[in-house]
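These protein sequence lines are chains B and P, in that order.
Going by our numbering, the first sequence opens with residue 102, and the numbers climb by one from there.
Going by our numbering, the second sequence opens with residue 14, and the numbers climb by one from there.
Mixed in with the good hints, there may be bad ones.
Stated by the list, open to error - Result set (EDC-like, lysine to aspartate or glutamate): computed pairs, CA atoms no more than 20 angstroms apart in a straight line:
{"#": "1", "chain 1": "B", "residue 1": "K159", "chain 2": "P", "residue 2": "E65"}
{"#": "2", "chain 1": "B", "residue 1": "K199", "chain 2": "P", "residue 2": "E92"}
{"#": "3", "chain 1": "B", "residue 1": "K204", "chain 2": "P", "residue 2": "E92"}
Said to hold, decoys possible - Partial chain P-side listing against chain B, Cβ under 8 angstroms, derived:
{"#": "4", "residue": "F23"}
{"#": "5", "residue": "M40"}
{"#": "6", "residue": "Y44"}
{"#": "7", "residue": "G53"}
{"#": "8", "residue": "M54"}
{"#": "9", "residue": "G55"}
{"#": "10", "residue": "L56"}
{"#": "11", "residue": "G71"}
{"#": "12", "residue": "V73"}
{"#": "13", "residue": "Y77"}
{"#": "14", "residue": "A95"}
{"#": "15", "residue": "G118"}
Because the hints were derived from the structure by calculation, they are not lab data.
Note that CB positions come from ideal geometry on N, CA and C, so glycine has one too.
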Amino acid sequence: AQSVTQLGSHVSVSEGALVLLRCNYSSSVPPYLFWYVQYPNQGLQLLLKYTSAATLVKGINGFEAEFKKSETSFHLTKPSAHMSDAAEYFCAVRLDDKIIFGKGTRLHILP
Amino acid sequence: NAGVTQTPKFRVLKTGQSMTLLCAQDMNHEYMYWYRQDPGMGLRLIHYSVGEGTTAKGEVPDGYNVSRLKKQNFLLGLESAAPSQTSVYFCASSYSTQPQHFGDGTRLSIL
Numbered sequence: 102a103q104s105v106t107q108l109g110s111h112v113s114v115s116e117g118a119l120v121l122l123r124c125n126y127s128s129s130v131p132p133y134l135f136w137y138v139q140y141p142n143q144g145l146q147l148l149l150k151y152t153s154a155a156t157l158v159k160g161i162n163g164f165e166a167e168f169k170k171s172e173t174s175f176h177l178t179k180p181s182a183h184m185s186d187a188a189e190y191f192c193a194v195r196l197d198d199k200i201i202f203g204k205g206t207r208l209h210i211l212p
Numbered sequence: 014n015a016g017v018t019q020t021p022k023f024r025v026l027k028t029g030q031s032m033t034l035l036c037a038q039d040m041n042h043e044y045m046y047w048y049r050q051d052p053g054m055g056l057r058l059i060h061y062s063v064g065e066g067t068t069a070k071g072e073v074p075d076g077y078n079v080s081r082l083k084k085q086n087f088l089l090g091l092e093s094a095a096p097s098q099t100s101v102y103f104c105a106s107s108y109s110t111q112p113q114h115f116g117d118g119t120r121l122s123i124l
């Protein structure tokens, strides 16, 4: 069975600092992996997706994620945090016809 | 483009009452999903559908029923609401293995 684990339910970074949100997956086959963002009182928006074409995936709003098979990881990064990045971020994996979500990481940006 | 529209946006019910949440998508997507989101739990899949006339159980199906009579609509029913069903409900749709498009959610409170 596939699942995802997000390390840290809350992460705080200073404005302008590196953002690193961690996601590890468990899978016996190459997975489809996603990162979504949720702003307050809204639904989820796709940030980026990994579908085995390239290990480094670039998404919207300056985010990117690197698929590392040896570490079973798909961590999300952004070089310089902006106040508008404050939101909840979800890692997800496709399992057959379903998408299974991690429990989410709330990102706080400190001025 | 409306995308995914959920109706209603807010609702308060008494224990034992019934109601139906409506999800409508205008993207001709085959797949549709219902999730519930609770603090610290991420999104949990309730039921999903891979095409008109089909439904399947997700991770937390108990207490809910669904119907997909038309391709563009996916209905979620609560026959006898319980306080444990207080949550934010999200509908999503997609083409098969592609990422999902989400609605803005329905906030449901059961007293």
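Quick rundown of the hints versus the structure:
As the CA atoms of B/K159 and P/E65 are separated by approximately 34 angstroms, the hinted pair breaks the 20 angstroms bound. Note on B/K199 and P/E92: the hinted pairing is violated, with a Cα-Cα distance of about 25 angstroms set against a maximum of 20 angstroms. As the CA atoms of B/K204 and P/E92 are separated by approximately 28 angstroms, the hinted pair breaks the 20 angstroms bound. Hint status for P/F23: violated, given a least beta-carbon distance of 11 angstroms to chain B, over 8 angstroms.
For P/M40, the suggested interface contact is broken, since its CB lies about 14 angstroms from the closest CB of chain B, more than 8 angstroms. With 8 angstroms as the threshold, the beta carbon of P/Y44 comes within range of chain B, its nearest partner Cβ sitting at about 7 angstroms, so the hint holds. Of the supplied interface hints, the one on P/G53 holds, with its beta-carbon coming within about 6 angstroms of a beta-carbon of chain B, less than 8 angstroms. With its C-beta approaching chain B no nearer than about 6 angstroms, P/M54 sits inside the 8 angstroms limit, and its interface hint holds.
Because the closest C-beta pair between P/G55 and chain B is about 4 angstroms apart, less than 8 angstroms, the hint holds. At a threshold of 8 angstroms, the smallest CB-CB gap from P/L56 to chain B is about 4 angstroms, leaving the interface hint in force. Of the supplied interface hints, the one on P/G71 holds, with its beta-carbon coming within about 7 angstroms of a beta-carbon of chain B, less than 8 angstroms. Given hint, P/V73 at the interface with chain B, is violated; its Cβ is 12 angstroms from that chain's nearest Cβ, farther than 8 angstroms.
Contact between P/Y77 and chain B, as hinted, is not supported at the beta carbon level, the nearest pair being about 16 angstroms apart and thus beyond 8 angstroms. Here the hint on P/A95 is broken, as its CB sits about 23 angstroms from the closest CB of chain B, past 8 angstroms. The restraint placing P/G118 at the interface with chain B holds, with a minimum CB-CB distance near 6 angstroms, inside the 8 angstroms limit.
When each numbered hint is compared with the structure, violations occur for hints 1, 2, 3, 4, 5, 12, 13, 14.
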